[in-house]
Amino acid sequence: MILEARRLGHCYVGGVEALRDLDLAVPRGQRLAILGPNGAGKTTLLLHLNGTLRPKSGQVLLDGRAVGYDRASLNSWRRRVGLVLQEPDDQLFAATVFEDVSFGPLNLGLSEAEARLRVEEALEALRITALAERPTHMLSFGQKKRVAIAGAVAMRPEVLLLDEPSAGLDSMGTAHLLAALDQLRQAGTTLVFTTHDVDLAWSWADQVALFHQGGVACQGSAESLLSDRAALAAAHLKMPMALALGLKARQLGLLAADQSLPRGRSESLALLDRLTPPGQ
Amino acid sequence: MILEARRLGHCYVGGVEALRDLDLAVPRGQRLAILGPNGAGKTTLLLHLNGTLRPKSGQVLLDGRAVGYDRASLNSWRRRVGLVLQEPDDQLFAATVFEDVSFGPLNLGLSEAEARLRVEEALEALRITALAERPTHMLSFGQKKRVAIAGAVAMRPEVLLLDEPSAGLDSMGTAHLLAALDQLRQAGTTLVFTTHDVDLAWSWADQVALFHQGGVACQGSAESLLSDRAALAAAHLKMPMALALGLKARQLGLLAADQSLPRGRSESLALLDRLTPPGQ
Amino acid sequence: MIEADRLAHASRWRRLPLAEKALLCLGLLILAMALPPWPGAVLVLLVASAGAVISGLTLPTWLRLLAPPCFFILTGAATLLVQVSADGIGLAADGGIQAGLLLSRALAAVAALLLLTVTTPMAELVQGLRRLGLPVELAEVTMTTYRFIFILQDTASAMHASQMARLGGDGWRRRIRSAGLLAAALLPRALDQARRLEMGLLARGFDGSLRTLMPAQRVRPWRLAVIAGGLALMAGLSLWI
Amino acid sequence: MHIMEGFLPAGHALAWSAVSAPLVVVGAMRLRKILRDRPEARLTLAAAGAFAFVLSALKLPSVTGSCSHPTGTGLGAMAVGPAATSVIGTIVLLFQALLLAHGGLTTLGANVFSMAIAGPWIAFGVWKLAGKLGAPMGLAIFLGATLGDLGTYVVTSFQLALAFPDAVSGFGGAFAKFATIFAITQIPLAIAEGLLTVVVMNALAGR
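Residue numbers (the numbering used here), protein chains in the order written: chain E, 1 to 280; chain Z, 1 to 280; chain G, 1 to 241; chain R, 1 to 207.
FYI, nobody ran anything at the bench for these hints, they're computed from the structure.
Don't take every hint at face value.
What the hints assert, rightly or not - DMTMM-like, lysine to aspartate or glutamate: derived pairs with alpha carbons at most 25 Å apart:
| id | chain 1 | residue 1 | chain 2 | residue 2 |
| --- | --- | --- | --- | --- |
| 1 | Z | 238 | Z | 228 |
| 2 | Z | 238 | E | 197 |
| 3 | Z | 238 | E | 273 |
| 4 | E | 56 | G | 207 |
| 5 | R | 33 | G | 198 |
| 6 | E | 56 | R | 40 |
| 7 | E | 248 | E | 197 |
| 8 | Z | 56 | G | 154 |
| 9 | Z | 56 | Z | 99 |
| 10 | Z | 238 | E | 182 |
| 11 | E | 238 | Z | 267 |
| 12 | E | 248 | E | 223 |
| 13 | Z | 238 | E | 17 |
| 14 | E | 56 | E | 120 |
| 15 | Z | 56 | G | 198 |
| 16 | R | 33 | G | 3 |
| 17 | E | 238 | Z | 182 |
| 18 | E | 56 | E | 70 |
| 19 | E | 56 | E | 112 |
| 20 | E | 238 | Z | 197 |
| 21 | E | 238 | E | 197 |
| 22 | E | 56 | G | 198 |
| 23 | E | 56 | G | 192 |
| 24 | E | 238 | Z | 273 |
From just these sequences and the hints, can you work out the full model?
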């Protein structure tokens, strides 16, 4: 486990309990979806996972060791765990893309030359090198989102936390973003993201944690957890369409047990095409 | 047709063409989805449909008559066509929900008693009567969204324009909102909404207009249009899962031609359950 | 959307070093102020307009940008046409000439400054001020202000559209009230935006300073010399005439 | 009431810059100290500045038919105090000059004096005084904002009259001329700004 939360508790100023005895384990190199309804405290959890918020109770562990909240600990924590908020305007402040992405690397104390290299690398990874000189305020929402991610990636985090990465993106924007993130994962970055969308969790996560009433109700592989009707119902969620279809296809003998289940819309539609009328 | 746009053209100050020769017809009493990718100009179109923006070319017709842009025309136009933008925070000004919803009715020049009646009616319609005395800044996102809609509904518009009504809502929030809007439609309100989500368009619209490159590529009934693979592909869209499943079920003889196709996730999952392995 | 800002980012001169553009434009501004309006101001106006067209603006766009300040200058200059004496108000003897001279000087100065702003993005201007000794904290506040302006402008225009849709613009009283409500709703939004940005920046290692990398520019001395020479030529020419 | 770029003769432009500069520099030094102690105040100040800029672009109806905009100085002075308003106001005036060609660099000193120094202090003084004299809060706000706005207009007329004295009646006649011409738009506008500020302050208090 690269990152863990143990019995985390947090109250907001109003006394509203956002997190209660929350346990979460982030396995290295995987994509973990934190799935739950809006306003349940998923964002609060992410803010705890990189030390931006300090828990009222419980602790966060990096590589099995509890992290402190002094300046030096926070500094090294944030080097290793990057955070991308849902709203890109909450993270972008500089006038141009290049300048903005360079903020994180310079905060790491890198030299200008090194920082420049990191920025170029991050822009490359998110495929936005062409936007480098563009003013931040002239970007589309999807472009801003990528710049915000590049800003975190330029710090070369081992874990990248993403709050609702697909929110506000249309299907093509989401597909492009996930492709870029996939590349990061292949390079070894652990990805944790929150979502309220079961279809997204199924299409893209290796592991899923069901977030319910301030805690993690259960955590497991995407397939085992999202096909568990009882667990889903308890969290007021429904099964992803693609997974339901895939399970049905297995049951119908159209998909062998060792063949992979459809994850996205295209695969599902293709599988649907293979269903044949009786007697054919 | 209660509302029409004919050969509408609009350029932004930057010279970017947002709308080009756009034709759209809104049939009375129906739910029309304007479906297209983000940043394509869907919001700009809505702003033209209630006279907030004035087109560079073409015209907007109400009940078959072109509307003017003088003060009196705009006034009666906006009484008849309400607008709800995507971000509820941009639409709530007053301290409490009740005050905010009364903004429109008071501007109609109604007496206080009448305005009060309208407000109560609108809160009722959106099922937020219990929130009346709450300060607007303490509401959840979903609640704010409903208050914003109530603010428009309190003016008793014949047509209600909604920009991405489900954006930012989770599946339960969306379901609640759509149920409230359904009630308005049953009371006779024509609903026009933009979305980039084919599944939402299929689950909730009677008619769909495909928005592509600043114009409406085609418009028709939800079923005919969303099952037209060529039209969808031209607009870079994929078929809604529920529709694809329903069409397949018809082909398999599981669904008679006169039985209605599944629209939402629950119906689809139920239909999927009815697929039987061969030989049973 | 602020037009001068958009044009600056699309300008053909966008990549020229700040020093060259600043020398040219501020030099023209000083000439406009220092030289006799005829023919100095007229020369400055012509050179600035030529510069604008060369940098990629169309003439109608340039004139459209000049029009609003021109209108304000006209209303001010009009007062020079009349004179007030014990007998009452009359036409000033050389009022027309005075107003004309003032108009041409101000217009030339506006054109010189405008040429700078339609060719140079704000980030570079503030970077220049920074090099001239603007304290780093204030430069950071200025740049963040610039960034916030665009966010708040989008919010304000959505708020405005929403108010108009609910007939908040009908009549003088309602417009005052709507404008007041808008301002009152916008201020907490602005402060909230600041708070959320702080949170977002903390996650990126914000330690109090907002340092970023600026694209490097190389100044070519010979071009500076050419610009300075041109300015000197203009000065000599107009003083000689 | 912005004085446009190049409108003031060079001598006047320099003189007003010399008058305003020390006041702004003192404000800026104090601000630097605050920013060192509380780095996050950068973001709050930036938000306030952007708010003032966007507010000044709000179109207000005015009697002469031309649209004009509020100065926001009264609101700033009452909300964050006149000294901070001076620094934020200077930044906003710089942006208005550069982004909107409204005002100018050579006239920045004069405009800072009328709109970022005189206006806020007048508004603040009137508001406090009216409150002490027992005026209801709404009236005190209205008087402060209205007279702050009118104050900037009187100072601007004064600045212009100094620069362009009347050929016959000198400074006095010129002041009368400028004051009269601008009164047409500025008096209704000042009243509008006063009302607007009352609405804003009430709405903010209600939150």
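Evaluation of the provided hints:
Taking the CA atoms of residue 238 of chain Z and residue 228 of chain Z, the gap is near 10 Å; set against the 25 Å cutoff, the hint holds. Under the criterion of a C-alpha separation no larger than 25 Å, the hint pairing residue 238 of chain Z with residue 197 of chain E is consistent with the structure, at around 18 Å. Note on residue 238 of chain Z and residue 273 of chain E: the hinted pairing holds, with a Cα-Cα distance of about 14 Å set against a maximum of 25 Å. A threshold of 25 Å between alpha carbons decides the hint, and for residue 56 of chain E with residue 207 of chain G the separation of about 23 Å falls inside it, so the pair holds.
Simply put, residue 33 of chain R and residue 198 of chain G have alpha-carbon atoms about 19 Å apart, close enough for the 25 Å limit, and the pair holds. Of the supplied pair hints, the one linking residue 56 of chain E and residue 40 of chain R holds, its CA atoms being roughly 23 Å apart against a limit of 25 Å. For the given pair, residue 248 of chain E sits about 21 Å from residue 197 of chain E by alpha-carbon distance, which is consistent with the 25 Å threshold. For a cut-off of 25 Å, the pair hint linking residue 56 of chain Z to residue 154 of chain G stands: about 21 Å separates their Cα positions.
Our distance criterion of 25 Å between C-alpha atoms is broken by residue 56 of chain Z and residue 99 of chain Z, whose separation comes to about 36 Å. With a C-alpha separation of about 22 Å, the suggested pair residue 238 of chain Z and residue 182 of chain E falls inside the 25 Å cut-off, and the hint holds. Under the criterion of a C-alpha separation no larger than 25 Å, the hint pairing residue 238 of chain E with residue 267 of chain Z is consistent with the structure, at around 12 Å. Straight-line distance between C-alpha atoms of residue 248 of chain E and residue 223 of chain E comes to about 14 Å, which keeps the hinted pair within the 25 Å bound.
Among the hinted pairs, residue 238 of chain Z with residue 17 of chain E is inconsistent with the structure: their alpha-carbon atoms are about 41 Å apart, more than 25 Å. At most 25 Å may separate the alpha-carbon atoms for a hinted pair to count; residue 56 of chain E and residue 120 of chain E exceed this at roughly 39 Å. A C-alpha spacing of about 41 Å is found between residue 56 of chain Z and residue 198 of chain G, which places the hinted pair above 25 Å, so the restraint is violated. With a C-alpha separation of about 35 Å, the suggested pair residue 33 of chain R and residue 3 of chain G falls outside the 25 Å cut-off, and the hint is violated.
For the hint pairing residue 238 of chain E with residue 182 of chain Z, the CA-to-CA distance comes to about 22 Å; that is within 25 Å, so the pair holds. Only pairs whose Cα atoms come within 25 Å are accepted, and residue 56 of chain E paired with residue 70 of chain E is accepted, the gap being roughly 16 Å. Of the supplied pair hints, the one linking residue 56 of chain E and residue 112 of chain E is violated, its CA atoms being roughly 39 Å apart against a limit of 25 Å. Between residue 238 of chain E and residue 197 of chain Z the CA atoms are separated by roughly 18 Å; this keeps the pair inside 25 Å, and the hint holds.
With a C-alpha separation of about 10 Å, the suggested pairing of residue 238 of chain E with residue 197 of chain E holds against the 25 Å cut-off. Taken as a hint, the residue 56 of chain E and residue 198 of chain G pair is honoured in the structure, with Cα atoms around 21 Å apart against an allowance of 25 Å. Our distance criterion of 25 Å between C-alpha atoms is met by residue 56 of chain E and residue 192 of chain G, whose separation comes to about 24 Å. In summary, the hint linking residue 238 of chain E to residue 273 of chain Z is supported, as the alpha carbons are separated by about 14 Å, within the 25 Å threshold.
Against the hints set out earlier in the document, violations occur for numbers 9, 13, 14, 15, 16 and 19.
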